[in-house]
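Participant: Sequence:
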Amino acid sequence: QTSQRIHLQQQLDQQRLPHALLLSGISDIGKKEFALSFAAQLLCRKPEGDNSSNRQACGDCASCYLVNAGSHPDLRVVRPEESRLIRIEQIRDLIHWAAQTSQQGGAKIAVLYPGERMNVQSANALLKCLEEPGANTYFFLITDQAGRLLPTIRSRCQALSFPVPDADQVLPWLQADASDGNMSLLLNLANGAPLRVINHFDAAFFARRQKI
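Note that the numbering used here numbers the sequence shown so that position 130 is 136, with each residue one more than the last.
Hints listed in this document are in silico derivations from the structure and should not be mistaken for laboratory results.
We treat Cβ as the ideally placed atom computed from N, Cα and C, and that holds for glycine.
Below, computed lysine to aspartate or glutamate pairings styled on DMTMM-like, alpha-carbon distance capped at 25 Å:
#, residue 1, residue 2
1, 38, 54
2, 134, 87
3, 38, 88
4, 38, 208
5, 52, 39
6, 52, 66
7, 38, 174
8, 38, 99
9, 134, 99
10, 38, 95
11, 134, 150
12, 134, 122
13, 38, 172
14, 38, 137
15, 134, 95
16, 38, 150
17, 38, 122
18, 38, 66
19, 38, 87
20, 52, 19
21, 38, 19
Distance ranges between label pairs, derived from CB positions:
#, residue 1, residue 2, range
22, 86, 64, 25 to 33 Å
23, 182, 107, 38 to 46 Å
24, 165, 64, 24 to 32 Å
Given these sequences and hints, build the entire structure.
Facilitator: This is the structure:
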């Protein structure tokens, strides 16, 4: 995801980072992790790295401690809670939060996922917020199925695509933490999604597969 990170960092350095981003691609390729990592960097008091390819949150300032604890007041994560959908009440709470002044004096970031889980009422409510964003407030919408979002939502976000990475790039990363197993086969069964290998295939998978 280096190219996506460099693209956003260059926009940030040029003060052209869009207020709404739509991160799209198949599931389990790290879109949510990317969004939360970039959000942490935006909130960090002293980001590390001297260029666009290696900039990241320091992990050691007060802001980073709050992010890691899940309690940063200027970072809001919205996802389905009591149902399979992101409900309009959650979006209304988000709109109220977005209208407030940053408590830490910096950026405010909202991460919504999966974006396709908004119903029509939720999406229309969010649309009003995207049309009139607050200063230094950013929305990261994450979706596995961009076509299910309202066209008006998509039109107000800058699209950032996450294609399936090359196996040559992914396999060394997977094999670094692998105890055993054919990672090439697992990656193929996961349709190229590296986090699907980690999240859905355990050590006994090959035994079950052979038995079946």
